[in-house]
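Working from the sequences, and respecting the hints, build out all of it.
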Amino acid sequence: MQVRELRKRFGRQDVFKGVSLDIKRGEILAVVGRSGTGKSVFLKHLIGLIRPDSGQVLVEGQDIHEGRALGRVRERFGMLFQGGALFDSLTVEANIAFPLQEKTRMSAAQVRDVVAEMLKGVGLEGVEGKFPDELSGGMRKRVALARALALHPEIVLFDEPTTGLDPILVRSIHQLIADTQRRFHYTAVIVSHEIPQIFDIATRVAMLHNGVILEVDTAERFQRSSNPAVQQFITGCLEGPLTST
Amino acid sequence: MARRTSPVWAERDDSVPFVYFVLGQLGIGVLYLLSSLGRSGVFLGQTMGLLCMPPWKVRRILRQVQFIGARSLLVIALTGLFAGMVLGLQGYYTLTRFGSEAFLGPAVAISLITELGPVLSALMVTGRAGSAIAAEIGIMRITEQIDALEVMALHPIRYLVVPNIVAGVLTLPLLGALFSVIGIYGGYLVGVELLGVSSGTYFGSMADFVDITDVRNGFYKSLSFGVLITFLCCFKGYHTGYGAEGVSKATTEAVVSSSVAILVMDYLLNSVLL
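Protein chains in written order, with my numbering: chain A, -16 to 228; chain B, 1188 to 1461.
Please keep in mind that the hints were generated in silico from the structure rather than gathered at the bench. All of these numbers come straight from a predicted model, not from anything done at the bench. Careful: at least some of the hints might be erroneous.
Claimed, not checked - Distance condition first, Cα-Cα at most 30 Å in a straight line; then the derived DSS-like pairs of lysine-lysine:
(1) K1244(B) / K86(A)
(2) K1244(B) / K113(A)
(3) K86(A) / K113(A)
Below, the structure is given as structure tokens:
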């Protein structure tokens, strides 16, 4: 998957001034950056929820906005939204079953089996009949992950999957992402603020700043980066290039 | 999806003459209006396209028929009854002045069947169900549930808009008819039971004067209002702004614009049908 010279402006604000990035098959790419730098907007560009002013998002060389490509490309994607985006009028079981019922020809029994398997996979059994409002934040994220993975997508996008969770739940969700990624071999793009925990699961890390990718490297090298902006972001120092403008 | 719910006005720059600044703002306003019209045109086109293309979500359609139709029965019955009673009372005293109280039945029936039944039932449905539809879709928008449908390569309009429009088309004529029938009974209670017009005169003259064309006109109106209310409420909810304030604004706009549109459409249909 490739992002080429992505530009986007909202009103008078230039969010992207030419973002380019290659995403490799089977990797876990973490996209980090300060709040308000457009990380979630970047993710929404990858799946075509937002159209760029210029530039391209290519999946296996095919521009997702060309012709009818978007519908076909989306069939290969799954996405975990920041708030989970579970359908609040449906039970947990109906939420996970929804894409299976709509996109496959599975029988009701098969759908039930897959739902049970997915819930087991995310460590949540016995909540099938509950509604999203009856679940805790962490449980909602797990159910949303189960729904995102139900159709075994090739690429899964995670929009701040651990925001608002305690450190133990953060680690547990990260572990879950790493485990499911190993099991289903999907490519993961994770927008995250969890420094340094995200380095434990990310294959590569990209930092978005001022509308461009400031640095992209393996998790290990990224942590040792000589770029003062990257170091300021990792250490959380108040003084430095990120706060001087 | 990027959402814009108000124009982005320019800031005043002292180097720009005031006239140019005003013209610029006017241009921004006109462009915003045109883009809004374009957006509603695209939305209407997509809705009509998906309305004609299977698969139809039958279960969701039935759910919305129950929500818009069955759950509105009580409010329709109550407003119909009292509208008919008021018509009976007002009609009786007005017609007595001309010595024509024998025409109370047709006066009540024609007013209800051609005008008050379709219009008032549509206004009631807008207040009860239209606002709820706009709020539900608006909340789905701000909680990214609509984005989730898109990510699953499913068309949100097929799931959220088409069932409401089909349900509106199916239920509004029935609710309008029910409103008229109960209203005629309300007029009977006041005119016959309370004020002493004979029952035979009330219903007999009604059969003589109420034409099938009146019923047909009322039906056409209800049908149009069914499409209008559900489309406008879905459109406002779908293009809601950000946060709770955005949903509240979208809900208010849905109710206000639907109510105004009902009355405008009523006038237009009257000028064509009468």
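Hint by hint, here is what the structure shows:
| no. | hint | verdict |
| --- | --- | --- |
| 1 | K1244(B) / K86(A) | holds (14 Å) |
| 2 | K1244(B) / K113(A) | holds (24 Å) |
| 3 | K86(A) / K113(A) | holds (23 Å) |
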